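Visitor: The listed protein sequences correspond, in order, to chains A and B. Here the working numbering is used: the first residue of the first sequence is 230, the next is one more, and so on. Here the working numbering is used: the first residue of the second sequence is 228, the next is one more, and so on.
The hints are simulated quantities; they were obtained by calculation from the structure and are not laboratory data. Predicted, not measured: the structure shown is a model, and the values here were computed from it. There may be inaccurate statements among the hints.
Stated by the list, open to error - Reference excerpt, derived from the structure (chain A facing chain B, CB under 8 Å, subset only):
id, residue
1, 274
2, 277
3, 319
4, 331
5, 332
6, 336
7, 338
What the hints assert, rightly or not - Mimicking EDC-like on lysine to aspartate or glutamate, the simulated pairs with C-alpha atoms at most 16 Å apart in a straight line are:
id, chain 1, residue 1, chain 2, residue 2
8, A, 270, B, 315
9, A, 282, A, 296
10, B, 288, B, 315
11, A, 238, A, 253
12, B, 288, B, 247
13, A, 251, A, 296
14, A, 247, A, 314
15, B, 288, B, 242
16, A, 247, A, 296
17, A, 267, A, 313
18, A, 267, B, 315
19, A, 269, B, 315
20, A, 270, B, 235
21, A, 251, A, 281
22, A, 269, B, 235
Using N, Cα and C, we set each Cβ at its ideal position, and we do this for glycine too.
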Amino acid sequence: DTEVTQTPKHLVMGMTNKKSLKCEQHMGHRAMYWYKQKAKKPPELMFVYSYEKLSINESVPSRFSPECPNSSLLNLHLHALQPEDSALYLCASSPGFWTAGPEAFFGQGTRLTVV
Amino acid sequence: AQSVTQPDIHITVSEGASLELRCNYSYGATPYLFWYVQSPGQGLQLLLKYFSGDTLVQGIKGFEAEFKRSQSSFNLRKPSVHWSDAAEYFCAVGADRGSTLGRLYFGRGTQLTVWP
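Model the full assembly from the supplied sequences, consistent with the hints where possible.
Guide: Below is the structure:
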C-alpha cells in the first residue's frame with residue numbers, strides 16, 4: 230500500500246459546525262503533515278507530526294486542532310471556521326527525516342467549503 | 228532562509244515539443260530537492276527527487292531534472308510533452324535540520340498548458 234488516504238473528499242460546513250478530516254497511511258511512515266492550499270497557490274504548511282508528536286505548528290488558529298492517535302492516522306478537527314478557511318486540505322506523510330529527508334507523499338485532499 | 232523561485236507562472240507548449248521548467252532555490256546546505264505535479268482538484272504527485280549523488284535524476288512519466296549547485300538550480304525537463312502532462316508543477320526544497328526539520332518550501336508553481 231503506497232497511498233495516503235484522506236476522507237472525506239468534499240466537505241461543506243457551517244461556521245458553527247464541528248467536523249473532522251481524517252488521513253491514513255499504511256507505509257510505516259513516521260512523519261505526517263497537514264497543508265492548506267488555496268486556488269492557484271502552493272501548499273502552505275500547517276502542522277508536522279514526527280513520531281506521533283507535534284513538531285511544527287505554523288501559528289495556525291486554534292479553530293484548527295490536529296491529532297495523531299497513532300503512527301498511521303492523522304486527524305484535523307475543525308470548529309467555528311470562517312469562509313476564508315475554505316480550501317483544499319492536504320495530508321502528507323514521509324518515511325522519517327533521518328532516512329529519506331522530508332520526501333513527502335500526498336493524499337488527494339479534502340475540498341472544504343465553509344458557508 | 229530557504230526559498231524557491233519558479234520564474235515562469237504559465238508555460239504553453241505544443242504536444243510533442245520539449246519542455247523545461249525552471250527552478251532556483253536558496254538553502255544554506257546541500258538541499259533536498261523535489262518536483263511535484265498537481266492536476267486540478269487533486270493532491271500532489273512526486274515526479275522526482277534529488278538528495279545527493281548523480282546530479283541528473285530520472286523520474287516518473289519521462290521527466291528528468293538536473294541539479295546545478297553553481298547556479299542553485301534544479302530545472303525539470305521532458306523531451307516530448309504529451310497532452311496529459313498539462314498540470315501545475317511545483318518545485319520544492321526540503322529542510323533536514325534544526326527547527327525546520329521536515330519542512331518543504333514550495334515555489335509558487337508553473338501552470339503548463341499543452342496545445343494539441
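Visitor: Each of the hints needs a verdict: does it hold here or not?
Guide: Evaluation of the provided hints:
no. : hint            : in the structure
1   : 274             : 6 Å, holds
2   : 277             : 5 Å, holds
3   : 319             : 6 Å, holds
4   : 331             : 3 Å, holds
5   : 332             : 6 Å, holds
6   : 336             : 5 Å, holds
7   : 338             : 5 Å, holds
8   : 270(A) / 315(B) : 10 Å, holds
9   : 282(A) / 296(A) : 9 Å, holds
10  : 288(B) / 315(B) : 15 Å, holds
11  : 238(A) / 253(A) : 13 Å, holds
12  : 288(B) / 247(B) : 14 Å, holds
13  : 251(A) / 296(A) : 10 Å, holds
14  : 247(A) / 314(A) : 14 Å, holds
15  : 288(B) / 242(B) : 15 Å, holds
16  : 247(A) / 296(A) : 15 Å, holds
17  : 267(A) / 313(A) : 10 Å, holds
18  : 267(A) / 315(B) : 13 Å, holds
19  : 269(A) / 315(B) : 9 Å, holds
20  : 270(A) / 235(B) : 14 Å, holds
21  : 251(A) / 281(A) : 15 Å, holds
22  : 269(A) / 235(B) : 14 Å, holds
The structure agrees with every numbered hint stated previously.
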